[in-house]
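Asks: Since each chain comes alone in its own frame, lean on the hints to assemble the complex.
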Amino acid sequence: MADQRDEILIQRYLLGELEGSEREDFERRLESEEALACLLDSYRSLCDGLHLLEDPEPPADLWARRIRPAIAEQLDIAGERPNAGFSFLEALRLQFLKPAVVVAAFVVVIVGITLLLQYQIVSPVQEDRYEKAISNIQKLRDQFLAELDTLTFEMEKRKPMLSSELRKVYDQTLKDIDESIAKAERFYFAYPNDSDAVQFLFAAYEKKVEFIEQFKQIEPLSPEA
Amino acid sequence: MEEKLIERCKNGDLRAFEDLYKQYGRKLYGLCLRMSGNEADAEELMQEVFVILLSKIKSFRGDARFSTWLYRITVNTCISHLRKKKIKQVSLEDEPETSGALSVEPAPMAQHETLKHGIAGLPAGYRAAVIMHDVQGLNHNEIAEIMGISVGASKSQLFKARRKLRDYLNGTLPPGAEGRSQR
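These protein sequences, in sequence, are chains A and U. First residue of the first sequence: 1, per my numbering; consecutive thereafter. First residue of the second sequence: 226, per my numbering; consecutive thereafter.
If you're looking for bench data, these hints aren't it; they were derived computationally from the structure. What you are looking at is a predicted structure, and each value in this text was computed from that prediction instead of being measured. Careful, some of the hints might be misleading.
Sample of chain U residues with no beta-carbon within 12 angstroms of chain A, all distances over it, derived [said to hold, decoys possible]:
no., residue
1, E228
2, R240
3, G255
4, S284
5, F285
6, A289
7, I304
8, A369
Straight-line distance between alpha carbons at most 25 angstroms, and here's what the computed BS3-like set of lysine-lysine pairs gives [claimed, not checked]:
no., chain 1, residue 1, chain 2, residue 2
9, A, K216, U, K229
10, U, K283, U, K341
11, A, K132, U, K247
12, A, K175, U, K380
13, U, K247, A, K139
Computed footprint of chain U on chain A, listed as stretches where at least three residues anywhere in the stretch have a Cβ under 8 angstroms from a Cβ of chain U [as the list claims (entries may be wrong)]:
no., stretch
14, 5–13
15, 68–75
16, 160–170
17, 182–196
Glycine residues also receive a C-beta, built at the ideal position from the N, C-alpha and C atoms.
Just chain U, same shape as in the assembly (with noise of 0.2 angstroms):
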């Protein structure tokens, strides 16, 4: 079936990139949007896949899942973004609602705000390492692929990253301060 979709891509049929909007346009949606951290970027994000996804697709062997491929494709186009950005990282000490200890049972909503300011924080690779794994669910395998990074490499990126988190939510560290010296 995706055989197919992805055949009716390569010879320009543009029914068939919609159809894998409308397959993966969530999950690429959500991850253009916690890795640039506002609406504007996800979606100026989500043009630039589709219209890179078009030029690549001929090349699209079938070597590595098709949903593998297209997450490498997306995770590099937002590195790239933010490294053209260079976007600033946002100083969580001037949030005063965010310093005090994790609580162990945290309001849900107010820790959802909490933990998207300090992935907006987290530099690059940290913040596409924790969002694949433990905001979308995929493996450290899958992750490895799609950064063209080693699995220990990923493991590290995701320790690390949510280390920097849970700093932040303790109100010991904003990530802010460590991301800006990584890439």
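Extracted from the complex, chain A is given alone in its bound form (with noise of 0.2 angstroms):
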């Protein structure tokens, strides 16, 4: 039977804390002990097989199914029912500033709506079809997501070559816009079938992409400036 001692000075050697002359006479120990060897082997194997042990992927729809909604319950919605932060009518105005980004904005938002309300009511013949409308608009987020996030790094980009006075206005503007995505997302994956909810969120991402659209228009300053 291995005395527990020698156990453990395996497991230091095996995690390399035995230096020196510690070191040496175990591994002299290890050439003269056929049962401290094969006690050696046996841990080694056990440790080679803990290392490849490797870290299971969590089912696919993890997160959508069971932590966001409970993220999204306690964040208390019901407090924060987002404010889109501009009027329908300015968002319009906004819409013939910008036609083709605006445009299709515009259909995205009609589109998820639409789907949405169709499906609404659910029956168990629907269910599949409504499944399909969720994941449709999910997909139109996607879009809208993947867009923002290349507009926003073109944005970045180019912002050093404005004046602090509009950086500074651009990066508060932004930030006052985020919030409302923020909350407008809230308010979508609490209430996801809810068309408001969905008009809300596509209006928010809307309202960035246009007005990064416009910032992006303004002149930079000359190198001289």
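Replies: Below, the structure is given as structure tokens:
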């Protein structure tokens, strides 16, 4: 039966904690004591096996199915019903300024709302189609987010070429818009089949796209300035 | 980068939590799964961890590394869950394929299953130490900080865990037997 002190020595050896004469003594013993060498082998094999155990992937829908709804619920949505931050008329005005972007965004909103309204009352037969509708809205949202990421990245590169005042206005306004988006997203995740929630969400995204597009039109400072 | 993400979480930004999940989800899920021993409990634990994270993140001041802090929440949640459920330690004597001496080069898949079974039979503290150190590659300083114990205690937990696993693989001891008397 192995001596407990030997087991501790082996584990320290495997951790690389044995040094100098202590290590030399131990390695000498390994050459002459077969039982000790076998014990070391068994610990080595155990450690190798443990290192080979990989972290398993969590279920693909774990975030959407369990964690996101739990967090959204905790965020006390009822007290933070989001304000999209601008009126519908203002949105329309902006649309005329940037027709291409806004028309695309508007189509997304309309399609999203239509799909939601169409599938809002769910029967067992409709369940699959309802899931598809939700999934389509999610895809549209992903496209919006990807576009926003690209725009934000491009603008971050341009920002140093703007005056400090403009940069300040840009950062502050973007922060306000991001807060609106955060509220809209909480609302949406809490009530994904609520047409108001979808409308708020896409309106908030649209606002951000529009804002960054406007800033991209601003002429940068000349090098002399 | 991470500071901004944490700041967004503090402001209740759900997308920031999603980004955190993408960053740490696999490690945390691995820890929860190995600690609980089954997928249903691991999912429940992950949900609990993120809800606790939401409630505590405003108190995170950056004294410790965020990953360490998040691990601490996860380990504490897992240990607390195990205590509440009073999970039955698995009797390894019921497993005929686990008996027999450990070969130096065992069949990998068979050893994986045996190891998972062995880990599931360890007491919670040992289990956490061996998962974090030997499976997930954390060092003793990190484990000590996460578990709120000394480095020496962390080493001791690991040594005992490995000894029990080794005995189990050799078929000389069901780890659950000693585990019942542990915390």
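Asks: Does each hint fit the structure? Answer for all of them.
Replies: Each hint, compared with the structure:
No beta-carbon of chain A is positioned within 12 angstroms of the beta-carbon of E228 of chain U; the least distance is around 16 angstroms. Non-interface status of R240 of chain U relative to chain A is broken: a Cβ of that chain comes within 12 angstroms, the nearest being about 6 angstroms off. Against chain A, the non-interface label of G255 of chain U is violated: not every CB pair exceeds 12 angstroms, the least being about 3 angstroms. No Cβ of chain A approaches the Cβ of S284 of chain U within 12 angstroms, the least distance being about 15 angstroms, so the stated non-interface status holds.
Non-interface call for F285 of chain U relative to chain A: holds, since the shortest CB-CB distance, roughly 16 angstroms, exceeds 12 angstroms. With a closest Cβ-Cβ approach of about 22 angstroms to chain A, A289 of chain U is found to remain outside the 12 angstroms limit, as its non-interface label requires. In this structure I304 of chain U is separated from chain A by more than 12 angstroms, as the shortest Cβ-Cβ distance comes to about 19 angstroms. No Cβ of chain A comes within 12 angstroms of the Cβ of A369 of chain U; the nearest lies about 14 angstroms off, and the non-interface call holds.
At roughly 24 angstroms between alpha-carbon atoms, K216 of chain A and K229 of chain U fall within 25 angstroms of each other, so this suggested pair holds. Between K283 of chain U and K341 of chain U the CA atoms are separated by roughly 36 angstroms; this puts the pair beyond 25 angstroms, and the hint is violated. Straight-line distance between C-alpha atoms of K132 of chain A and K247 of chain U comes to about 24 angstroms, which keeps the hinted pair within the 25 angstroms bound. For the hint pairing K175 of chain A with K380 of chain U, the CA-to-CA distance comes to about 47 angstroms; that exceeds 25 angstroms, so the pair is violated.
Restraint check for K247 of chain U and K139 of chain A: the C-alpha separation of about 18 angstroms stays at or below 25 angstroms, so the hint holds. Judged by the Cβ-Cβ criterion of 8 angstroms, the stretch 5–13 of chain A is covered by chain U as claimed, because 3 of its residues qualify and three suffice. With 6 residues having a Cβ less than 8 angstroms from any Cβ of chain U, the stretch 68–75 of chain A passes the three-residue criterion, so the hint holds. Taking a C-beta to C-beta cut-off of 8 angstroms, the stretch 160–170 of chain A contributes 0 residues in contact with chain U, too few for the three needed, and the coverage statement is violated.
Counting residues of the stretch 182–196 of chain A whose CB lies closer than 8 angstroms to any CB of chain U gives 4, so the stated coverage by that chain holds, three being the minimum.
Of the numbered hints listed earlier, those contradicted by the structure are 2, 3, 10, 12, 16.
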